[in-house]
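Protein chains: 2
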Amino acid sequence: MVKIVLDCFGGDKSPGANIAGALSALQKHDDLAMILTGDETVIREELARSGASESERLCIVHAPEIIGCNEKPTDAIRLKKESSMMKAVQLLRKDDTVSGMVSIGSTGALVCAAVLRVGRLRGVCRPAFCPILPTMNGGIVGICDSGANVECHPEYLQQFAVMGSRYLENVYGVENPRVALLNVGAEAEKGDTLHIEAYSVLASTDGIRFVGNMEGRDLLSGEYDLVVCDGFSGNVLVKTTEGTALELLKKIKTDIYSSGLYKFGALFMKKMFEHEKEFMNYQNYGGSVMLGSAKTIVKGHGSSNAKAVSVCIEQAYKMEKSRLCEKIEEDLEKITNIEM
Amino acid sequence: MVKIVLDCFGGDKSPGANIAGALSALQKHDDLAMILTGDETVIREELARSGASESERLCIVHAPEIIGCNEKPTDAIRLKKESSMMKAVQLLRKDDTVSGMVSIGSTGALVCAAVLRVGRLRGVCRPAFCPILPTMNGGIVGICDSGANVECHPEYLQQFAVMGSRYLENVYGVENPRVALLNVGAEAEKGDTLHIEAYSVLASTDGIRFVGNMEGRDLLSGEYDLVVCDGFSGNVLVKTTEGTALELLKKIKTDIYSSGLYKFGALFMKKMFEHEKEFMNYQNYGGSVMLGSAKTIVKGHGSSNAKAVSVCIEQAYKMEKSRLCEKIEEDLEKITNIEM
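Quick note, the sequences are listed as chains V and U, same order.
Read in the numbering used here, the first sequence has 48 at position 58, and its numbers run on one by one without any break.
Read in the numbering used here, the second sequence has 186 at position 196, and its numbers run on one by one without any break.
Only chain V is shown next, with the shape it has when bound in the complex (with noise of 0.2 Å):
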């Protein structure tokens, strides 16, 4: 049995779409039991209207405080210790038998409970954050660091290869993912001081398929499976390519309305655009996991409807089938002895 813990106070849709997504996630998983973290009452409540109830496979720890999005990372973690996101963390961190937890909350203290109270796996500097978009040609491609690290070493960016390349090939079945470098240009030689090194660390790491540089405007082409890159380039990148995504569909949505015959063409084509809306929408493809935690975290959208939430429970569950956490500690460790 797969056991994961949800946070079920936090997201815009909170807490009916998360609880909508773990019953969808239960029933396509025979062998997953969840727990449900937050305010009881409501969440019996909730389960009722769905005719479900707890059971050997669904039970709920009470947690009648909530992490709100504007609240100081560390205080938040530190005096909310009866919120739905701390009391999941508790339950990660001490049962033996919890492997994953979701949760939908506060980016920041979740980062920060991550790395203060559930720790890292052995070998790992830094978690990090690795989000799916999906590809032109109908790939998927991950990014890592998203943000988990704004400051970051050579060895950082050549851990977070090694880990998103492990993690693109278990739970993707991505077969030896080509990995690039976020960089400004082509050439070894581009960039600055980190990603100049970045570059000769990730060219002699074995274990990977590093395929060179790649500049923002190639991230959708399907010609790179990971993207390796510092949390603070990594952030602007995916942050841009949603926002010009989204922004560009509103404006042809603009347009269309703004002229008879272009309402009447697009009559034809509703289900295109619908296709293209749902394509780019990130919910599709699942949280951010953050590699490197000593247990698998998975870090939705906070806008996650329950199909979202419903992904980012599958995800961790992936994670924990496939032995990812022990086979990242193995890669590492590899690494480790090439360099001594």
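If you are wondering where the hints come from, they were derived from the structure by calculation, not from laboratory data.
This structure is a prediction, so every number in the text was calculated from the model and none was measured.
Glycine is no exception: its CB is placed at the ideal position from the N, C-alpha and C atoms.
Careful, some of the hints might be misleading.
[Stated by the list, open to error] Partner residues aside, some chain U positions facing chain V, computed with beta carbon under 10 Å:
hint, residue
1, Q80
2, I242
3, F258
[Claimed, not checked] Calculated cross-link-like contacts (lysine to any residue; reagent style SDA-like; alpha-carbon spacing at most 25 Å):
hint, chain 1, residue 1, chain 2, residue 2
4, U, K297, V, K243
5, V, K260, U, D245
6, V, K324, V, H143
7, U, K243, V, M262
8, U, K3, U, G98
9, U, K260, V, H143
10, V, K260, U, H265
11, V, K243, U, S248
12, V, K243, U, I246
13, U, K253, V, S249
14, U, K253, V, M262
[Unchecked claim] Negatives, chain V to chain U, calculated, CB over 12 Å:
hint, residue
15, S14
16, L37
17, I50
18, G109
19, L111
20, C142
21, K180
22, T183
23, S190
24, V226
25, E310
26, D321
Dock chain U against chain V, hints included.
Quick look at chain U alone, frame taken from chain V:
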């Protein structure tokens, strides 16, 4: 008379597009004169094809060599003194009557030549690129620096804010431009050391209207007129925006061709899609000006057509007409005085 020198042999469509762009700019402004650098026989032939010839306002300076895009910048500017780019740089540097230069050639060589041969305005730490992108509400946004300085100090970012503000006011008529700092979150304490320090420096800088941090997803929102960033993340920001928009429009086109129904609907929307493509075509918004250079330098995109080249020349023309360089020097002096 405003005299601008154009490097005719750089860019995918050179020399044809470059020369056609020059002729178009000359038609628009009676007080504009151009010097064309490059192989004089080829330029003369190209002019003859358009029914044009040398005149008081159009002269040719022979330069038989060409700097390629893959040449090492420092070697190129040292060894190819007879190239169209270096001839243009020499004219800019030595001829007091020449007020600006436009090149579509190698960015690396141009940056190198600008720094080593042309020098900086009084008080400028580092010249920076400031390209312009369209926003979704029909406005524009400037990004400074987009790649000239991959390693930055907070004072550089402060200067980018001042130089960019004066540029937007004088060349684009933006009143009191709203300046944002590219960062990973909205709060003042977000980001790495550079960005935390830059935030507090910008917040206390006179002569700019600093409105806080901006995340990558909001670049096209129309809420900001100028985004200040280090050259590394600025490069990621600009290339990712351009890349995502182009990839998405390409995908929509492919999807339209996948179904007869979509193709039929698209017949009524042809004009709209052409408009979207034109809207996101960065060529329409001119080149990246190099703010802080001792004299005006505009770098056009490698794929510039005649229209794009003409827009670049107009940018240089407006910079001179508005006395932008003097205004930047005056304003930077004020900041320095305040700090002392």
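Hey, K260 (chain V) versus D245 (chain U), does the alpha-carbon distance stay inside 25 Å?
12 Å, holds
If I take the minimum Cβ distance from T183 (chain V) to any residue of chain U, is it greater than 12 Å?
Violated, because the least Cβ-Cβ distance between T183 (chain V) and chain U comes to about 7 Å, which does not exceed 12 Å.
For a C-alpha distance cap of 25 Å, please report whether K253 (chain U) and M262 (chain V) respect it.
Since the Cα atoms of K253 (chain U) and M262 (chain V) sit roughly 11 Å apart, the hinted pair holds (cutoff 25 Å).
Restraint check, 10 Å cut-off on beta carbons, for I242 (chain U) near chain V:
With a minimum Cβ separation of about 6 Å from chain V (threshold 10 Å), the hint on I242 (chain U) holds.
Minimum Cβ-Cβ distance from E310 (chain V) to chain U exceeds 12 Å:
At roughly 30 Å from the nearest Cβ of chain U, E310 (chain V) sits farther out than 12 Å, so the non-interface label holds.
Confirm or reject: I50 (chain V) is not an interface residue toward chain U, with every Cβ-Cβ distance exceeding 12 Å.
Per Cβ check, I50 (chain V) is outside 12 Å of chain U; nearest 33 Å; holds.
Per the stated criterion, does the least C-beta distance between G109 (chain V) and chain U lie above 12 Å, as a non-interface residue requires?
23 Å, holds
Is the Cα-Cα distance between K260 (chain V) and H265 (chain U) 25 Å or less?
20 Å, holds
Close enough to count: is the Cβ of Q80 (chain U) nearer than 10 Å to one in chain V?
It is violated, given that the least Cβ distance between Q80 (chain U) and chain V is near 27 Å, above 10 Å.
Decide, holds or violated, for the assertion that all CB atoms of chain U are farther than 12 Å from the CB of S14 (chain V).
28 Å, holds
Chain U versus V226 (chain V) - minimum CB to CB distance exceeding 12 Å, so not interface:
At about 4 Å from chain U, V226 (chain V) fails to clear the 12 Å cut-off, so the statement is violated.
Does S190 (chain V) sit more than 12 Å from chain U, CB to CB?
17 Å, holds
Checked against the numbered hints given earlier, this structure breaks hints 1, 4, 9, 20, 21, 22 and 24; the rest are met.
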